[in-house]
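Asks: Protein chains in written order, with this note's numbering: chain E, 1 to 132; chain G, 1 to 132; chain F, 1 to 132; chain W, 1 to 132.
Just so you know, the hints here were simulated from the structure itself, not pulled from any lab data.
There's no promise every hint is true.
For chains that are exact copies, the list does not tell them apart, and a pair is met inside one copy or across any two.
Derived PhoX-like pairs (lysine-lysine); straight-line CA-CA distance at most 20 Å [claimed, not checked]:
1) Lys-107 with Lys-65
2) Lys-117 with Lys-36
3) Lys-129 with Lys-101
4) Lys-65 with Lys-75
5) Lys-36 with Lys-107
6) Lys-36 with Lys-75
7) Lys-65 with Lys-117
8) Lys-107 with Lys-75
9) Lys-36 with Lys-129
10) Lys-101 with Lys-117
11) Lys-65 with Lys-36
12) Lys-75 with Lys-101
There are 4 protein chains.
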Amino acid sequence: MAIFSLPFEVRDYELDFQGIVNNSVYLNYLEHTRHKFMYERGIDMTGLHNRGIDLVVTRIEMDYKLSLRSRDQFKVTVEVYPEGNLRIVFSQQIIRLPDEKLILTAKTTGVCLRNGKPARPGDVPELQKFGI
Amino acid sequence: MAIFSLPFEVRDYELDFQGIVNNSVYLNYLEHTRHKFMYERGIDMTGLHNRGIDLVVTRIEMDYKLSLRSRDQFKVTVEVYPEGNLRIVFSQQIIRLPDEKLILTAKTTGVCLRNGKPARPGDVPELQKFGI
Amino acid sequence: MAIFSLPFEVRDYELDFQGIVNNSVYLNYLEHTRHKFMYERGIDMTGLHNRGIDLVVTRIEMDYKLSLRSRDQFKVTVEVYPEGNLRIVFSQQIIRLPDEKLILTAKTTGVCLRNGKPARPGDVPELQKFGI
Amino acid sequence: MAIFSLPFEVRDYELDFQGIVNNSVYLNYLEHTRHKFMYERGIDMTGLHNRGIDLVVTRIEMDYKLSLRSRDQFKVTVEVYPEGNLRIVFSQQIIRLPDEKLILTAKTTGVCLRNGKPARPGDVPELQKFGI
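Could you put the whole structure together from the sequences, leaning on the hints where they help?
Replies: Right under this line is the structure:
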């Protein structure tokens with residue numbers, strides 16, 4: 001199991017008419033953190049795509065605890081672990097700073113496609129860098 | 001239980017570098033359909049907000065079955081039902097047209113806040129139009 | 001000169017904390033209308049990209065006259081004409097419905113790249129469908 | 001004349017099907033930098049809005065020189081100056097790092113509204129912090 005964390009700050013264009021970050025924007029924060037986590041391990045999502053390999057999300061669960069507002073500082077964490085032979089799970093949290101209040105928890109499940117067909121992550125050399 | 005359906009078409013700015021609709025965009029489709037469904041019942045989300053009433057999402061579950069691509073036609077459905085005294089659940093599907101392939105299922109759970117404090121949806125006259 | 005028009009409705013996720021459509025969203029409306037206009041002429045932007053041909057925007061000018069708000073209906077128009085040998089200009093308007101108030105005017109200038117190098121639009125068979 | 005600069009990194013969800021940052025996303029970068037610039041001078045856009053004061057964009061000009069791609073580092077600069085009695089102009093550049101290549105130049109013109117009516121920026125105490 002690996003842990004990674006990335007700092008963020010709310011940008012005003014991410015707010016909706018209620019003055020809080022729109023629900024869909026949290027998926028952007030979560031995805032960017034997963035990609036940065038992978039890049040740090042040498043897994044380049046856009047490069048993999050050009051070689052016919054895509055990590056595709058099959059399920060997302062998100063629990064919203066508190067809303068983020070204009071200029072809030074926060075961090076997004078990610079842990080990764082396998083689920084069965086085919087699935088990879090990313091467990092993530094969004095934590096406001098500096099008060100460490102939990103904003104959101106998320107579980108994202110993905111599968112690996114090679115040329116459009118399911119592949120075991122363990123059989124894809126580029127993904128062995130996950131260490132799972 | 002109420003049923004509502006709204007037609008959409010993929011717009012190219014919604015595609016990501018993989019040429020498929022980005023995961024976060026589906027939340028926009030789902031939210032827009034919920035709002036249109038509520039407006040049709042006389043529930044105006046931006047008007048409610050100006051009177052101190054907000055429907056806030058507490059949990060989202062999404063299962064991605066297939067990807068949408070450039071120019072795909074699809075519809076988004078919504079059903080609504082109560083869960084306990086405080087929660088409202090929106091059950092939604094995204095269905096590609098004309099082949100009726102299931103693209104995504106989603107369950108969104110929300111609570112009602114009046115001046116920032118939880119309120120029973122049944123006690124908020126504006127929400128009785130849900131008929132739940 | 002060709003004219004094309006597409007109807008839209010404001011979606012609440014496009015509003016910002018001021019309760020009006022965020023400035024950047026107008027570029028999405030404009031782009032979607034240009035792409036639909038081209039598709040109708042048999043010019044498929046994502047298909048062209050896969051054959052090494054990209055239409056790339058080099059300049060955008062937008063004049064904001066009025067703001068769009070929740071649930072506003074509007075249309076986006078587009079005309080296209082050449083500018084010199086290399087540039088294509090899209091002249092667009094956003095017009096609120098049904099009162100026909102002018103919301104925004106925009107001029108978008110683009111060039112054609114074939115395998116990353118500038119090409120005369122007139123030398124690209126796929127673009128001759130513009131009729132310019 | 002004041003100068004301010006903010007560092008950014010491209011996030012993969014900002015890429016379009018061409019693998020480059022979508023045109024509309026540059027407006028987000030520019031707006032966020034303007035807001036951070038104003039916050040640093042004690043001008044809180046969301047706070048002003050709650051007191052009936054809005055800075056509204058009336059014109060945007062952007063010249064796209066080069067495209068940003070996955071993981072590119074860049075900075076956005078802003079200078080501000082008055083234009084006549086009513087208008088404020090923000091002159092901005094996007095510069096890729098570390099090679100200092102110019103990606104985009106932009107000129108954004110805005111006016112100040114107090115309770116929906118035009119006001120001279122010089123008559124709005126909260127805006128005198130611009131020092132223009």
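Asks: Run every hint past the structure and note whether it holds.
Replies: Comparing the hints with the structure gives:
For the identical chains of this complex, Lys-107 and Lys-65 are neighbours both inside a copy (14 Å) and across copies (17 Å), given an alpha-carbon limit of 20 Å. Taking CA atoms no more than 20 Å apart as the test, Lys-117 paired with Lys-36 passes in neither setting, with 25 Å inside one copy and 31 Å between copies. In the homo-oligomer, the alpha carbons of Lys-129 and Lys-101 never lie at most 20 Å apart, since the shortest distance is 32 Å inside one protomer and 33 Å across protomers. Taking identical chains as interchangeable, the C-alpha atoms of Lys-65 and Lys-75 lie at most 20 Å apart only when both belong to the same chain, with a minimum of 15 Å there against 30 Å between chains.
Proximity of Lys-36 and Lys-107 under a CA criterion of 20 Å is satisfied intra-copy only: 17 Å inside one chain copy versus 29 Å between copies. In this homomeric assembly, Lys-36 and Lys-75 come within 20 Å of each other (Cα to Cα) both inside a single copy, at 13 Å, and across copies, at 19 Å. Proximity of Lys-65 to Lys-117 under the C-alpha cut-off of 20 Å is restricted to the inter-copy arrangement: shortest distance 14 Å between copies versus 37 Å within a copy. Within a single copy, Lys-107 and Lys-75 get their C-alpha atoms as close as 16 Å, which meets the 20 Å cut-off; across copies the closest is 26 Å, which misses it.
When the C-alpha separation of Lys-36 and Lys-129 is checked against a cutoff of 20 Å, the pair qualifies only within one copy, where the shortest distance is 14 Å, while the shortest distance between copies is 38 Å. Taking the shortest alpha-carbon separations for Lys-101 and Lys-117, only the inter-copy value of 19 Å comes in at or below 20 Å, while the best intra-copy value is 41 Å. Taking the shortest Cα distances, Lys-65 and Lys-36 never come within 20 Å of each other, neither inside one copy (24 Å) nor across copies (25 Å). In this assembly of identical chains, the alpha carbons of Lys-75 and Lys-101 lie at most 20 Å apart only when taken from the same copy (11 Å versus 30 Å across copies).
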